[in-house]
Every structure is written in C-alpha cells, then in structure tokens.
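Number of protein chains: 2
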Amino acid sequence: MKTGKTANPVAASPDVPQMIDLLIHARWIIPIQPAGITLENHSLAVNDGRIVGLLPRNESETRFSAAEVVELGQHVLTPGFVNLHTHAAMTLLRGLADDLPLMNWLQDRIWPAEAKHVTDAFVYDGTRLAAAEMLRGGITCCNDMYFFPDAAARAFDAMGMRAMLGITVLEFPTRYASDANDYLSKGLAVRDAWRDHPLLSFSLAPHAPYTVSDTTFERIATLAAQLDLPVHIHVHESRNEIEEGQKQSGMRPLARLDRLGLVNPALIAVHAVHLDTTDLALLASTGASVAHNPTSNMKLASGACPVAKLVAQGINVGLGTDGAASNNRLDILQEMRHAALLAKLTADDPTVLDAHTVLGMATLGGAKAMGLADEIGSLEIGKYADLCAIRLDEWIAQPCFDPASHLIYVAGREQVSHVWVAGQCRVKAHTLIDFNESALLGTVNLWQNNLQV
Amino acid sequence: MKTGKTANPVAASPDVPQMIDLLIHARWIIPIQPAGITLENHSLAVNDGRIVGLLPRNESETRFSAAEVVELGQHVLTPGFVNLHTHAAMTLLRGLADDLPLMNWLQDRIWPAEAKHVTDAFVYDGTRLAAAEMLRGGITCCNDMYFFPDAAARAFDAMGMRAMLGITVLEFPTRYASDANDYLSKGLAVRDAWRDHPLLSFSLAPHAPYTVSDTTFERIATLAAQLDLPVHIHVHESRNEIEEGQKQSGMRPLARLDRLGLVNPALIAVHAVHLDTTDLALLASTGASVAHNPTSNMKLASGACPVAKLVAQGINVGLGTDGAASNNRLDILQEMRHAALLAKLTADDPTVLDAHTVLGMATLGGAKAMGLADEIGSLEIGKYADLCAIRLDEWIAQPCFDPASHLIYVAGREQVSHVWVAGQCRVKAHTLIDFNESALLGTVNLWQNNLQV
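Listed in order, the protein sequences are those of chains A and B. The first sequence begins at 1 in our numbering and counts up by one. The second sequence begins at 1001 in our numbering and counts up by one.
Bound-form chain A, shown alone (with noise of 0.2 Å):
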C-alpha cells in the first residue's frame, strides 16, 4: 500500500509533495470545463483513480511526487470519449449489408441474422470487439442497447471499460426474451447482479415509440423514477416513424412519450433527426439529452438532426455512433468530424459547432446525458481519470495550428497513443493492454463464417 496519499487533494501541504500513483505532463490539455480552452505545458496528477491535480507543468512536481510519470511531449490529452449510442455487439454485423434502403437492411438482412445468431455467446464476443475498438480510439465510456446485457456486462468488465447497459425492452419476442415484461425482468436481474461494479450502470432502454405500447411506457417511466435510471430510446429517427405514430396515436412520437411521462432530464433521446418547433421547445423545456449519430444518419438517409439549433436553445447534445451494421466505425473522432460538417451545412454556416463545442459534447455531453456528469466528461478535480492522449506530431498531420480544431478536422483514431479508465492504464504506445488480438481475431472470424453462410 502506497502511503502519504490523502482524500483531499488541497490538504498537502506546498513544501511536502503529494504521494500520487500518477503525474501526466502533456504539450496540450483540453480540459473541457472550463470550455473552450487549450493549456499548454500543464500536467494532470491522478490518484486512486480520480484526477487529483491540473496544473502548470512548472508546478507540478514540487506539488506531487508520483508513483509513474508518463510524458506526453507532442501530445494533446482530453477527457475520455463518451460514446453515447452504440448496438456493441453489432460489430459483429460490420458491413453485412451495405447501401440498402432501410426497411431491406432491416428486415432482409439485420433482422434475419439477428434471430439465427444472436445468443449470449455472440453478445460476449461482439461486445469485446466493440470495446477493444472503442479503447483503442480513445472512447473509455459507451452507452450500450442491446440483447444479452449480463454478456455485454460481462466483456465491458473484461475490457476495463466504462458502459451503461441497456435494459432493452420490446414488445415482441427475440432470442433473449418473450415479451415487455420478460426483457424488463431479465434486464433488472443483470442490474442486481452487477449493481455494485465500478465501471458499469443500467439504463432502461425501450426500443421505439412504434415497437413498445403506452402500458409499457408507463412502466418504464415509473421504474426510471423510482431507480432514478436514464431512459435511452431512439425517436424521430424518421419522417415514416413520426407518420406513423401520427396514425396509430394522434401525436408525434416525442409528444407520446411526454405524455406518458418519459420527456424529462433522464432522457437520452437517440437520432431526434426530425424535429419541429414544438419538439425542440418541448426538448429545450424539460432538460431532455438528444444522442446525435451523424454518421448512421446520412448513411441510412434519415435526415440531418438540426443541432447547430439544439446548441442555441440550450438542449444537451452527446454523439454517437450508432451500431457498427450502420455506421460501419465505433470511432468518436469520426464522429466529431461528422457531427461539426454535417452542421454546417445544415446550418448554411461555417461558424456553428466549433472544434471546442463538438469536443464538449463527445466529452461532457455524453456523461450529462448518462447522469455522469459529476464523474466523467472533464479534467476536474475529483472526476475520475478517464483520458485520451492523442499524438498530434505525425508527419501527415502536420503543421498543427490549433491542437483543438485539428482533432476535429485532421487527427485520425490511430493517432491514439495512450487511454486510461479510472487512472487504469488501458492503451499504451497505441497498443491495447491484457489484450490478445489474435485470440479475438479467431473468434470474430468464426462468427464471421457463421453468418455468411
């Protein structure tokens, strides 16, 4: 056991420095909060797991003497990604099925293997894959829907990666569960059995407004109430699905679900492609999260989420990338990329989404919208250590102006050097850690195989 650590990082006292596990100097830090700032030659002091110190470099080692020094000398180190939508295991889906209208993709192809494969066993498999490439790009927390939680729990903790799991929830049967009921049952015994897991949390995750009934809603708003649990759903992903909802309800999907009491700050409102006046004012009003998915969005053609608009009525963004059958990379950094071009020309102006605000929401956004605000999101005292450096030095990627526009606009995930969860070293030199590519590979091709046939 280390000694001299305390619980209060001020309590030091300046002439005796502060027994740490690890001092990070970095060229550039972007600590997000305060937003819209770069430091440069300042160093991040992490001690059992939570971020202990920000500090001029100058400073920072007559303050803590630590157990690891780690230089990042023509690096930028940001707050850990946060992934707010993904399907994991549909990575082993990538590129199953490409350039399709939806409805095909869907009931032709995605569906279809989904009902033939898909058991605990390809959950486990296609979660590792997931976390494995969303480790190795720089994202330390993802928000998870999907089938065989206990599976998907099971490889997050495997990986060392931080998620909330879905408890998904439809109407109809899959291999997993029986009805709205069975998928609720099941979902919160995986919650109880994991509940005390330091990196994992549950949402509950009711697929669509046109695949879960009013009765069923009503549950799930009382049980998010009662668990204080976020609720990750997808609407407005489409002007069929709004039309329909029409028909069968006689109000828009988002006016439904406040309705039946859903539209409130645990609401992660996943695509929100389609939005009228009065769904943003509804959104704005009630402190409701959207999950942008850029990338998914235009390549399946469900239109462009208006988020230059989300920005300036105040309503919290986070992205996401969406499943690995429509998208076809679990990579933030594409997604930032997407997220601020993708607004501009929706916006018809270059000026909207600025490297600092896309930043904030792969960032910050991502870990208000999951409730975690307090924990992850920024290099604040007291938050966890959850950290990407990115090499900013490559060649093709020179010369670098500003390290904050060009992650936006040039860096690629490869340039990912190091990535810590918890102040847990998970990728270093680019290279996952405790992790046997080969062994995973063997697996995904035998999957791969499988579903081929």
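Just so you know, the hints here were simulated from the structure itself, not pulled from any lab data. All C-beta atoms in this analysis are idealised placements derived from N, C-alpha and C, irrespective of residue type, glycine included. Check before you lean on any hint, since a few could be wrong.
To be verified - Cβ-Cβ distance ranges computed for the label pairs, FRET-style:
id, chain 1, residue 1, chain 2, residue 2, range
1, A, Glu380, B, Leu1451, 53 to 59 Å
2, A, Asn58, B, Leu1451, 24 to 30 Å
3, A, Gly382, B, Asn1240, 34 to 40 Å
4, A, Gly49, B, Ser1438, 37 to 43 Å
5, A, Asp15, B, Trp1111, 52 to 58 Å
With chain A's structure known, arrange chain B on it following the hints.
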C-alpha cells in the same frame, strides 16, 4: 537489361512464361473496369511500368516469370486514387483558420497569409508535403491548382507522383504574376519546360468566373482547343457567386462559361454545388466533368452537390480533397466516405452512390475528367501500373464481408500498405520509399513558425 520482354503481352507463348518486372498476388482486386466487380485470388502483372496481365492467381505463375513478386494476402488492390481537385501547397496552411465565415476566412486569414508567404520555396515545400500525404494515402495522381507551378512540378517530380499542374489565371496581381497575360505566359513557359515529363501534364486553370474576365476566358478557350488542355475552374461553389454573377453578366456563371466556349469535355467544373435543371442539362449534353469535394463543401457550408442526379444523367464525376486549408486532410478514402454519406442524405435515398460507384469516381472518374482515361484509372491491360493496396485484416476493422464497401465505410488511409506509380513502388509496408521524414518535418516546422507570427 531484362530479356524476353515483349511489347505485346499476348505474344508470349502459353508454354514459355513471359519475363516481367512485377507480379502482384492479391486476396482481392477491384479493377474498376469492368465496373462493379471484385476479383478474389487474382494476380496483376506489370512490365515497363504498365499492366500486362490480370488473371486468376493459379494461372499467373505459368504465364509470367517476374523479377519481383509481391504477396498481398489480406489486401485489396485498386487503381491508384485520383484527387481531382487540390491546391497542394496549401498543406502548409492546414488548419490555420477553421470555423470561420467564408469571406472572413479568405479575406482576413488565407489571402493575407498567401500574400505574405507564398513564394517558389513555399510552393515547393508545401507541394512535397502534399505529395507525401497523398501518396501515403493511396493517391497516385492529382489535379493541382496553385501559384508557382514550376515549383510544384519540381516537387511532384521529386516525389515521383503523377500530377496535372494548373496554369492558374487571375486578373489581379499576386507575388507570382501581375495580370492574366502574365499568369498565362508564365504558366505556358513552365508547361514548355516540363512537357516531356512522363508523370506531369498541364491544364489551364482560370480561378473562377468572378475572378476572370470574358476576354481572358475567350483566350483560354482558344488555347485549350489549340493545345488540347483541360480547363480546371471553380464554379457554382456558393449561392452568392451565382447571384453576383447574374447581376454582373445577366446569366448564371455556367451559362456564361458556355457562351464563352468553355463548357465541353475539356471542362473540369470544380464544386458545382448549386445546379438547376438547366445547369445539369448543360453539363450532361456537353460531356463536361465535375470535381466533387464533399468535405470542403460541408466545412465551408457551401452546400451539397447533387451527385446522385449527376450520376443519373450520366455526367462524369471525380472526387477532390480541395486544399488543406479547407478540409483539412488530403485523404481520398475520407472523400469517398463523405461522398457516399452526403449523397445518400441529399438524395434521401440510402441506395445511391453505392460502394463501386464511389470507387469509380475516385479512380476512373477523375482520370476521365483529366483526359487520362486511356492511361490510368482502372486495372486494364496497357494502362500504367498506378496501384494502391489496402490491408483489410487489422482487427479494428473486422469482420469484413465486402471489400468494396469496407473501403468506403470502414478503412482508414493508415491501412494503405503499398502504392505504385507507373510500376515504381512509392509506398511499401505503410512507409514512403526514399522519403526523409525528419528533413521535411523540419522544413514544415520552419514554415509554421513563420506563419504563426
């Protein structure tokens, strides 16, 4: 000197293997012509810089005896990519100013930086950096438009990259030239000096309808016809350009160019974002080509070129990166992804611009626009061996069900492993050959320091 060479690849007897320079065995080959196919376990034979065979692997070693054999067991081999619009030397301004309104960006940041810094040395150094970036990412040929084309020619020559250099024309003075006649006479002299170079060719590059007079356009039309040169021009990039053009000339800029004799198969219309039905009909009936730059168009909020309509009307389309001040990567894999995503969104149809269509734009579409369709752009016998090999077996990109769609939606340029230009290897094992990284980086750092002042 090698023996047994023959100018006619079919002249070799099937019993005696033909002696050749290079035989490449690839897991997959996408030849572009015939369109829409992916060959598995085929081989490409190269001699004297040109393709002399494309055949099943198991036949290749009896047909050919090669001085060098390259095994690409987990790769897809494609034609080298063609970047149909760039300002190569502007890599030195990469990310100098982002997230600004177009006119502030140009007038307050880019033009002053150019006025102060753009010299022969700037263009030579910036173009070498651009050529290195492009080759490293599988681009073997680009269509460049900038000042000091002699410096650019020396740079492309030094890097062994195929390029078409624009004889840029403006009415107003820069550090390079004083008026339209001066730009033309300097540019034509450079063309004379380099006219026998095997990799370099020239276009006439009037900057845009709003910066070039009718008199100059008429002279350019005459020169283009006399000298058989393509005409490379920015056109219909923004709504404002069209409105101002209509005010000044009483007609839309494309119609004005047509009146001046410039809309014909030699025209490379760059951007062509805002096209009404008359514009589309004009392009379709005249055989002009469009250089589509999706990243630049989104980032500057110019709008979205209606590419699906162009394809439906049979208009030839190639892809461009634009310059690194407005993109900020010279990365054709990114442009392919953005072209596919943006077209689906714009057309409200996820089936448009499928993977093979986009691959065709980034290769043969560009070649055709540049008048080089008989020489490059597809893997057909007799064409130059301009080639790109991309590894598809990295775990982070698994599984891979369809190599073509994998290139569009999954692959990153870091997966480019080998590049050949006219049969000469330029990239091997993901690394540029004969390239002194640290020397170039030192030069780039000096420019960055100057520009930051």
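Tested hints:
| no. | hint | verdict |
| --- | --- | --- |
| 1 | A:Glu380 - B:Leu1451: 53 to 59 Å | violated, 34 Å |
| 2 | A:Asn58 - B:Leu1451: 24 to 30 Å | holds, 28 Å |
| 3 | A:Gly382 - B:Asn1240: 34 to 40 Å | violated, 50 Å |
| 4 | A:Gly49 - B:Ser1438: 37 to 43 Å | holds, 38 Å |
| 5 | A:Asp15 - B:Trp1111: 52 to 58 Å | holds, 55 Å |
Checked against the numbered hints listed earlier, the structure breaks hints 1, 3; every other hint is satisfied.
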